Amino acid sequence: MGIENQGLQPESLNGEAATAVVEVAMQDNMSIMSLMLEASLTVQLVMLMLFLASLVSWSIIFSKFLMLRRERRLTKQFEREFWSGGSMQSLYNQWGAETKRASGMSEIFVAGYREYQRLTERGYANNNDLLDAVQRAMRVELSREIDHLESQIPFLATVGSTSPYVGLFGTVWGIMNSFRALGLSTKQATVSSVAPGIAEALIATAMGLFAAIPAVIAYNRFSYHVEKLVGQYEIFMEEFISIVNRQLAIEKD
1 MGIENQGLQP ESLNGEAATA VVEVAMQDNM SIMSLMLEAS LTVQLVMLML FLASLVSWSI
61 IFSKFLMLRR ERRLTKQFER EFWSGGSMQS LYNQWGAETK RASGMSEIFV AGYREYQRLT
121 ERGYANNNDL LDAVQRAMRV ELSREIDHLE SQIPFLATVG STSPYVGLFG TVWGIMNSFR
181 ALGLSTKQAT VSSVAPGIAE ALIATAMGLF AAIPAVIAYN RFSYHVEKLV GQYEIFMEEF
241 ISIVNRQLAI EKD
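FYI, in my numbering the residues of the sequence shown are 1 to 253.
Because the hints were derived from the structure by calculation, they are not lab data. It should be emphasised that the depicted structure is a prediction, and the values quoted were computed from it without experimental measurement. Some hints here could point you the wrong way.
Claimed, not checked - Simulated restraints, written as ranges between beta carbons of each label pair: (1) 126 x 62: 43 to 53 Å; (2) 63 x 245: 31 to 41 Å; (3) 147 x 65: 15 to 25 Å.
As the list claims (entries may be wrong) - Listed below are the simulated DMTMM-like cross-link pairs for lysine to aspartate or glutamate, each with C-alpha atoms no more than 25 Å apart in a straight line: (4) 76 x 238; (5) 76 x 129; (6) 228 x 121; (7) 76 x 234; (8) 76 x 121; (9) 228 x 71; (10) 76 x 147; (11) 228 x 238; (12) 228 x 239; (13) 228 x 147; (14) 76 x 227; (15) 228 x 129; (16) 76 x 150; (17) 228 x 81.
Backbone N, C-alpha and C fix where the C-beta goes; we use that ideal spot for every residue, glycine too.
Kindly produce the complete structure, drawing on both the sequences and the hints.
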């Protein structure tokens, strides 16, 4: 009795090889880069817009982080020197000349003391008008400092609020194209035929979230620090005006 050959037949080997080739090809077609390159023009434009928005947002985040950290450090340094008991004239000469070290609080002090010095040198007699003039000068400088601190932060809010919707638009557009192509196709509808189109559409949503989440976190964090710094500036203004008022009262007596 002969021994039967139980090995695989050539036909089965060819079928398995063909299946393996198809699976490898599908994996290559489902890579993120290939899906982005094969997406429709509208979806690609949405992805490009979100990528640029994310790039600009990260640039603003890093620059704003460094700027606010420097501002907090210089504000603490100026407050220590201001309340150390030294003369205001020497403090004015120091912080008024060294503009590279200037902080928002020191700029407000320099603006107020410069106005006070200018009016007293002219022999301004009315103390109330002098205080009002000093306060106005400091208020103007405070407005400039607020504009400087808040610059570029609204862009982060815009990116954080609009990027998810832009990504959703790209997703909806991509899914519409996938189902439209499926409806025009004469082949039988399968998951493998629909999956690439849906996957490339969902990439737009992922990119929208990737752009929005860091922007929202940074916006909230920076807004908190800006509000805290502005509060410190306003308190310092009131304290400085009180010091000037006491000084004028002493000189009057």
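Would the pair residue 228 and residue 71 pass a check requiring their Cα atoms to be no farther apart than 25 Å?
-> With Cα atoms ~12 Å apart, residue 228 and residue 71 stay inside 25 Å; holds.
Does the structure keep residue 76 and residue 234 at a Cα separation of 25 Å or less?
-> 15 Å, holds
Quickly compare the C-alpha distance for residue 228 and residue 239 to 25 Å and report which way the hint goes.
-> 17 Å, holds
Given the hint that residue 228 pairs with residue 238, test it: the Cα-Cα distance must not exceed 25 Å.
-> Answer holds: residue 228 to residue 238 is near 16 Å, not above 25 Å.
Take the C-alpha atoms of residue 76 and residue 227, compute the straight-line distance between them, and say whether it is at most 25 Å.
-> The hint holds at about 16 Å.
Given the hint that residue 76 pairs with residue 238, test it: the Cα-Cα distance must not exceed 25 Å.
-> 17 Å, holds
Does the structure keep residue 76 and residue 121 at a Cα separation of 25 Å or less?
-> With Cα atoms ~31 Å apart, residue 76 and residue 121 exceed 25 Å; violated.
Holds or violated: residue 76 with residue 150, Cα cutoff 25 Å?
-> 20 Å, holds
Between residue 76 and residue 147, does the CA-CA distance stay at or below 25 Å?
-> 20 Å, holds
Does residue 228 pair with residue 147 here, judged by a C-alpha cut-off of 25 Å?
-> 15 Å, holds
When you take the CB atoms of residue 63 and residue 245, is the distance between them in 31 to 41 Å?
-> 39 Å, holds
Starting from residue 228, check that the Cα of residue 129 is at most 25 Å away, please.
-> 30 Å, violated
Comparing the model with each earlier hint shows violations of hints 5, 6, 8, 15; every other hint is respected.
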